[in-house]
Structure formats: structure tokens, C-alpha cells
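Chemist: Each chain is listed here by its residues.
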Amino acid sequence: MSSSQAAPSGESPGEPNHTLRFTVIWVVATLIAMPLVIFVIGPLLGPGNGSEQASGQGSDYTVLAATATPVLTLVVLYLLYSVIFFRQPKGAALEGPALRGHARVQTTWIIVTSLIVLGVAVFGTVRLEAGYGAGSGSGPNPLTVPKGPKLPVQVIAQQWLFTYRYPTYGGVETTHLVLPVNEWIELHVTSIDVIHSFWAYQLGVKADANPGVDNVVFVKPTKLGTFNVRCAELCGLWHGYMSDKGQVVRPTAFASWIQQAQKTFAPATKVLAPYSKTYLPEPTRRGE
Amino acid sequence: MSTTTGAASIPQPTRRPLWRRLLGFNLLTAVILGVGGYYFGWWIGHLINGPSFEYESATDENDVALLLGYVFGVVGFLIGLGFANYPVSRLLGRPASLREKESEGIGRYFGLCTDHKVVGLQYLVGIGVFFFIGGLNAMLIRAELLHPVPTFVGPGQYLSLVGMHGTMMMGMMTSGVLGPFANYFVPIMIGARRMAFPRIEALTFWLLMAAGFILVSTIFFGGFPTGWTGYEPLNDEAVMGMDSYIVFFALVGISMALLGLNMIATIITMRAPGMTWSRLPIFVWSVFATAILMVLAAPTLIATLLMAALDRTINTSFFVTGGGGSSYLFENLFWFFGHPEVYVLALPGFGIVLELLPVFTRKPLWGYRLAVSGMLGVTLLSFFVWQHHLFVSGINADLRPFYMLSTEIISIPTGFIFLCVMGTLWKARISFSVPMLFCLAWTFNFLIGGLSGVVLSDVPTDTGLHGSFFVMAHFHYTIMGGLIFSFFAAIYYWVPKMTGLRFNEMLAKWHFWLMFIFFNSTFLPLFALGLRGMPRRVSTYEASLQGLNVWVSISAFVLGFSMLIFLFNVVYSLIFVREPAEANPWRSKSIEWQLPTPIPVNNFEQIPVFDSDPYDYGTPQQALPGGGQPAPAGA
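Quick note, the sequences are listed as chains A and B, same order. First residue of the first sequence: 1, per the working numbering; consecutive thereafter. First residue of the second sequence: 1001, per the working numbering; consecutive thereafter.
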């Protein structure tokens, strides 16, 4: 970046060329750090490859970490360089050069940082919208919707558990989330009391559950196995205990599981409120 | 060396007897009237709202009574301190005066005093006390998190601790720099004898103290379960301790708005001749920017909390779904205040670091105008980013690219500050005094805070991180690593001027190194914990995360211990040893260091005339090749 030009005045004789020396150090360090960040650290950052969204977030972490690396090395190495080479000699009271700015350095800095920032913002926007919300709660009417069939599942949050309704299977309500692999799932997250947040870690899904709000998330699980569900918004006394394990299974296993669930919960389904995008919340006032 | 306490021993010929001195407007009267007012409000509340509601009479929960108790208590406290005297005497037609400024002796630190230097020290000590209470809460939180299952506090107590820690820090530390250091030094730096509104200045301090006391009193009413954000409808559902939160934050909001107004008025109208905007010390610029944020953001908070209080007491439904309200409304309003608020915490740090760097590098501030535009840019942009706190909430989801962009753009003006820091360090003659160490640490910490913020501003990655320990680590890097490090830089730099006494340097260095190392050792692993899926505000977590959590807790305890070293240094150096400080130990060219210690009540015999900014360091360069920028006018 621009500070490589931060030699705002002529070098005094006898002093090393700090600009050149620091630039070399910075470039070399960045060249060493970059592959480490891209190939070693980056892949550790994401939530894994439990879904297309989770994998997508994983590569986004890598891109952002790689973008941040030259900035990090620049400032940290610059601090170290200054601390080592720009000291006041012991017992001396020397004055530094009276530099008050450098127009070219400042202009370069503004242009370069602006370009990086705009690049990051465009990248984020593309990844968000082309990724159908990238696993985030995208409100009742998401801007982009994946084509083809989707399995709708409603996530109902309440103090202090999540339940799940499958409207295409007679509105059956279960206490654990089971999803078929490699199919688009359309989660409708809502709450019947306070604000919660549905967080399925390995799926890269997070969506706040607000009372009276239908918050839609698209996710396509790609890996069989269990995933952790946790509430990610403080929701009262037992918030810390509001967790669950969900499962991603083969489509055939899902079909038999949902049939079984329909049978088991049939008596409960009969007395449940009819399926709806939101439910009028229970009164939350004390004493009512 | 006669200092603040010196006057107490001066024999006063007309000293009145003790009982007569205790009678009148002072802290004792204030406490008595405060307690009286509290019980009066409580009594009225029960009269209005007591036995008529089954629930309230069954549980002894009465929000109306508690809220009225707090309000009347605060009013009584302020009247007892003497805040009503001046308006009343003006109403009676008596002439204007600044009588409160003339009091002397140590007693003036315990009452209404309109000397900005007294208020500054009052703030420093008062905020310090609450900072330590908030810090103790953090220690208890980390002790609980040593184990993945609750050990010594229940889930309700845990939430109370989390809420108290967050609210105390976010509320009290908003004035952490402006209260002590801006009140004390801004008038001096701009060549004024006082603040524009000296009584309002005193009022902001005492309001804040009343607020802090009210927040602590929440433990008698069951605490509050919402954390510092106070989200509805959980807020509506919570027990009476929630009212303490509401009154606390509303009082903090009033105090902030008044403090900000006072600063803006002072900086605009009371600059001495020659103190042009382009010569204003950069610290004063940062105070100006912060004050603008305070004035514009705090009223939103006050109004929001009033709505919350009405929802809780007379059953309005601003935030009740199904009654016409919305839980989104609270989130929206809260963060409309809340995001500028976090820049209220960050900006003074920019100012302190840039103010101190020239002194310890023996160079002028590099890029003065860039720094000013950086601060003003942050101020403006911070009002356009608040919905990035709600990326996964589903609110205005189509606007997310805009908030992503605005949030990332705010890193451009923040980058200006970094460039100015780096430019000032270039070819400098750095002396590693303790304030300078804290400034260098600030640069590193805020860099980590800023870069982690970019990951959070990106919606896809924020999806995983929202509400996790990653967020927690991020804002501790910006607030603790930013604000608190610069706060300590300011303490070590300016307290020798404020008290005339010097700190023990060895203890100060121990404090710095322990704090810097263990701050990073505490909060860096929290990024990893957040990435591994550990949410905030829970006392239960997966057993596999225990190792890192134990590491963090132990680091946090050492971090807490470093604060005890500081406390010990304060008591040891400023109370017991009392070694006088040099007149200008840092060879600063700023005007406050040219004044005698202690600074006279009216600061200047004659109002000074400024002909340069305070950064006249360094040996002038013969030529400035390659687009070198000439010094600002008058330098």
C-alpha cells in the first residue's frame, strides 16, 4: 500500500534509505504470510462444509482474510520498524524532522483504501445476493430465491426451545430438526414470544426469530450428520440452555422419518393452530 | 506543590461550626433528599398502582412505584446539591453569578462546583469507581466460564452480571474521556477561563453519579436479563430490576446530551483570539466530533427508554407485537443511538493518541487536516450504519448491501487516522514513556479491532459471527483496546498536571506491560471461540471449548490484576509518596503545560493569543520536495 512512499523528505546523509528498506520487509513478509493465510488459516475459519452456504462463507472468510493481510502486515511491521529504528537515543533530547504531511502519500492512501473498501463491498453484495442470502435471515420476501422445488420448514422459537413445523407434511410439529441432504430447504423462522435467533452452526444458518415476523432462510445441506442448533439472541433466563441437535439424512430416511413423525404427533397436530406464517404471540407481560 | 487538598489546611478566620456547615446544600443534604424523594415516589406509585392490580400486590412488583421513586430520588438529590438554587434566585430577580466556583478546599470535590478543573477530577474519580465495579463483574463472568456448566452463579445471576458489566461500561465510559479530560483541558487548550455552561457541566457529572448508583441498585430488584441492549419484548417481560436499567440509561443519555451541547458551545464560542479552527488541538477536534454524536444520538435513546418505561408501566404497546407495536422498532431505535454511541467511545481515543504522539516523537502532527476530516467523516458516517447490527434479523433485508457498503466505507476515514499515526512516527525520535506505550498499544489494538470489523460488516461472514464471541472480541478490541488504552495514556500523561504529583514509573510500566500482553491474551482467543460457534451471554458451552475458555479466564484475571497495580500506583504515588511532578515532564508545547501547577481557578491572568497550533516540534526541513505540504497557517 501507499506508505511505501512515505518518505516525505530527502534522506539525510548517513541515514539508511528507510523507505526502500521498509518496503522490502513489508513485501517479503506479505508474500510469506499470504499463502499461509489462504491455504492454512483461511480454511480453518469457516463453519465447515455442512451446506452450500457454510462452504460459501468459508471461502468468503479466506478472501477477506487475504485482503486484510497486507494491511495487517503493513501497520504491524511499520509499528515494529518505527519502534526499532526511530528511537530517541538514550539521554538525548533530539527533535525529529518537522514534517507536516505529504500530499502524494495522502492521496495514494485515500485512493487505495477506497478501492479496497469498494471491492470488499461489491464482493460481499454479490456473494450475498447470488448466494440466496448466504444462510442469513433475509426477511419475509427475500430478494433472490433459488429455482426449483424447496422443502419449507417452519422454525418456531419460544422460551426456551425451538420446534419445527413441516407445512407440506400436514403441518406436523416436531421437537428436532431433520433435513434431507442435497435439497433446497426454505426455513421460515418466527417467534411466539421474545426475540430469539436460530443458529444452525454447521449449516451456516442464522436468522433472528421476531414475534409476528416470518424470516426466510434458504439452505442446501450437503453433508450427512448432525448439526448444532443454538439460540444466538439473549432471550431470558434459560437462554444458555436453548440448544438442540439437528440431523441431515438421506432423502429416503427423511421420508420414513417424517411419516413416522406424522403418525406419532397426529393427536398433537389435530389440536395445533392451523399452519400460518406467523402466530399472534402469547402475551409476554408479567402477570397476564 | 500545594495541590488540590492543600487548601484544607489554610486557616480560615470565619470558619463556621460543623453543624452549621452540614446544614445547607451539600452532598449530605443531597443524599437525604435523594432517599426522601425515593420513598416519596415509591409511596405515590403504590397509591396509584398498588393494590388495584392483583399481580403487583401478589409479587410486590410495582414498576410505577420504582420508576417514580428513582425520578423523585434523582430530583431530590440534585436539589440537595443545590442545582435548583440558581434558577430559583434568577426567577426571584437576583443578578447572575458564578458563586459556586469560589468555594475552596477539598470540600468542593464533594458538591456542586462550577470550576471545570474540579469537575474534571470529580469525573475521573467517579467514573473510575464505576469502571472498577464493571471490571469486577467481568472477573465474575470469566470465573463462571471456567467450566462449561454453571458452577457458582445461577443462570439468572449470570445474566445480571453480563447485563451489569455491559451496561456499566457502555453507559459510564461514554463520558470516560470527555468527562475527565475534555472538561479539564478543553477550556485551557482553547484559551478560555471556563466552559460555556459551568452549571450544566456540574450537572452532567452528578447526573452520571446518580445514574451509576441506580444501576448498581438493580441487584436489590432482581437484576435484568437483557444485557446492555435491553431488547424488547424481553425488556417488557423482565422483573423490576429492568427499571433500574431504563432509568440508568436515560440519565446517562441526558448527561451525554448536555455534556455534548456544552462542549459544542464552548468550542464554537469561547476560543481565544488566534485559536482558529485550523490551529485547534486535535484532541479538541475529537471532542467536538464526539460531542456532535452525543447531542444527536442520545435523545433517541432517551425517547426509546421512555417508550419502554411506558410499555412496562401503563401498558402502552410501542414494542408489543399484537398490540400494534413491534420488537423491530426497539432494535431500530436502539441501534440508531447505539452505533453512534460506539463511535462516541472510539473518537476520543483517536484524539488522545494523535495529541500525544507529537510530544513523544518530537515531530509535528503529520496530516492534521486528514486527521480532522477522518474524525468528521466517522462522525457523519456513523449515523448511516446502524442496521448492520440487524443483518440476520430479517429487517429491511434488501437494504443490506447499502449498510454493508456504508459500514465498510467508515473504514476509510478511520484509515486516515492510522495514516496520520504512521506519518507522525516516520523518522521520529520516539521516547518510550508510559503514555507513549499506551498510544502504540492503541494503534495495534485498534488495528485488530478494525480489521475484525470488516469481517463483521460482510453479511455472509457476519451470518456465522453475529451474536458470537467474535463480535464480543471485536468490540472489546475497539473499546477496551481503543478507548481504555487511550484513557490510560491520558491518565499517565495529564494526571501529573491535574494533581501536581508524579506516578511511580516502574509500577506504571508493570501496569502497561501486563495490561497489554494479557489484554491480547484474553481477547485474541475469543475470536477463535466465536468462529467455533460459542455464543455471547451464555454460561453453558460445549465441553470441547473449555481449554480456550480456561486460557481466556486466566488471562482475564491477570488483566484484572494489572488494574490493581494501577490502583495501587494511584494510592501509593498520589496519596502516600506525593512526589511533586516536574512542571513539564514531557516537554510538551501544548498550552496546559505552560501554566503553573495547580492551575489557577480562572486559568489565565490574561486570555492568551494563539499564533500557531501546539505541534511546533521538530527541526524544520530545508526543502519539501515531492509535493511536500506546507505547514498550516501560522506554524
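What the hints contain is simulated information worked out from the structure, not anything from laboratory work. The C-beta atom is built at its ideal place from N, Cα and C for all residues, glycine as well. There could be a bad hint or two in this list.
[Unchecked claim] Okay, derived cross-link-like pairs now, DSS-like style, lysine-lysine, Cα gap no bigger than 25 Å in a straight line:
hint	chain 1	residue 1	chain 2	residue 2
1	A	Lys90	B	Lys1589
2	A	Lys263	A	Lys245
3	A	Lys223	A	Lys245
4	A	Lys220	B	Lys1509
5	A	Lys220	A	Lys270
6	A	Lys150	A	Lys90
[What the hints assert, rightly or not] A few chain A positions that, by computed beta-carbon distances, are all more than 12 Å from chain B:
hint	residue
7	Pro140
8	Lys147
9	Gly240
10	Arg250
11	Lys263
[What the hints assert, rightly or not] Computed from the model, here is a short list of chain A residues facing chain B with C-beta under 8 Å:
hint	residue
12	Asn17
13	Leu45
14	Asn49
15	Thr62
16	Gln88
17	Ile111
18	Leu115
19	Gly124
20	Ala134
21	Pro142
22	Thr144
23	Lys206
24	Gly236
Chemist: All hints, please: hold or fail.
Modeler: Results for each hint:
Using a Cα cut-off of 25 Å, the hinted pair A/Lys90 and B/Lys1589 holds, with the two alpha carbons roughly 21 Å apart. Our distance criterion of 25 Å between C-alpha atoms is met by A/Lys263 and A/Lys245, whose separation comes to about 22 Å. The straight-line distance between the Cα atoms of A/Lys223 and A/Lys245 is roughly 15 Å, inside the 25 Å bound, and the hint therefore holds. Taking the CA atoms of A/Lys220 and B/Lys1509, the gap is near 54 Å; set against the 25 Å cutoff, the hint is violated.
Proximity of A/Lys220 to A/Lys270 is assessed by CA-CA distance (about 30 Å); at most 25 Å being required, the pair is judged violated. With a CA separation close to 72 Å, the supplied pair A/Lys150 and A/Lys90 exceeds the 25 Å bound. The claim that A/Pro140 is not at the interface with chain B is violated, since a C-beta of that chain comes within 12 Å of its own (minimum 7 Å). The claim that A/Lys147 is not at the interface with chain B holds, since no C-beta of that chain comes within 12 Å of its own (minimum 19 Å).
Listed as outside the interface, A/Gly240 is inconsistent with that label: its C-beta sits roughly 4 Å from the nearest C-beta of chain B, within the 12 Å cut-off. Listed as a non-interface residue, A/Arg250 keeps its Cβ farther than 12 Å from every Cβ of chain B; the least gap is roughly 25 Å. A cut-off of 12 Å between C-beta atoms confirms that A/Lys263 is not in contact with chain B; the least separation is 34 Å. Taking 8 Å as the C-beta contact cut-off toward chain B, the hint placing A/Asn17 at the interface is violated, the least distance being around 12 Å.
Taken as an interface hint, A/Leu45 checks out: its beta carbon lies about 6 Å from the nearest beta carbon of chain B, inside 8 Å. The closest approach between the C-beta of A/Asn49 and any C-beta of chain B is roughly 13 Å, which is over the 8 Å cut-off, so the hint fails. Below 8 Å, beta-carbon pairs count as interface contacts, and A/Thr62 has none with chain B, the closest being about 10 Å; its hint is therefore violated. At a threshold of 8 Å, the smallest CB-CB gap from A/Gln88 to chain B is about 4 Å, leaving the interface hint in force.
Interface hint status for A/Ile111: violated, as the beta-carbon distance to the closest one in chain B is roughly 10 Å, over 8 Å. Hint on A/Leu115 is violated. Least Cβ distance to chain B is approximately 10 Å, over the 8 Å limit. About 4 Å separates the beta-carbon of A/Gly124 from the nearest beta-carbon of chain B, less than 8 Å, and the hint is met. The beta carbon of A/Ala134 comes within 4 Å of a beta carbon in chain B, closer than 8 Å, and the hint placing it at the interface holds.
Checking A/Pro142 against chain B: minimum C-beta separation of about 7 Å stays under 8 Å; hint holds. With a least beta-carbon distance of about 10 Å to chain B, the hint placing A/Thr144 at the interface is violated under the 8 Å criterion. Given the 8 Å rule on beta carbons, the hint for A/Lys206 holds: about 5 Å separates it from the nearest Cβ of chain B. Taken as an interface hint, A/Gly236 checks out: its beta carbon lies about 5 Å from the nearest beta carbon of chain B, inside 8 Å.
Figure legend: structure checked against the earlier numbered hints; hints not met, in rising order: 4, 5, 6, 7, 9, 12, 14, 15, 17, 18, 22.
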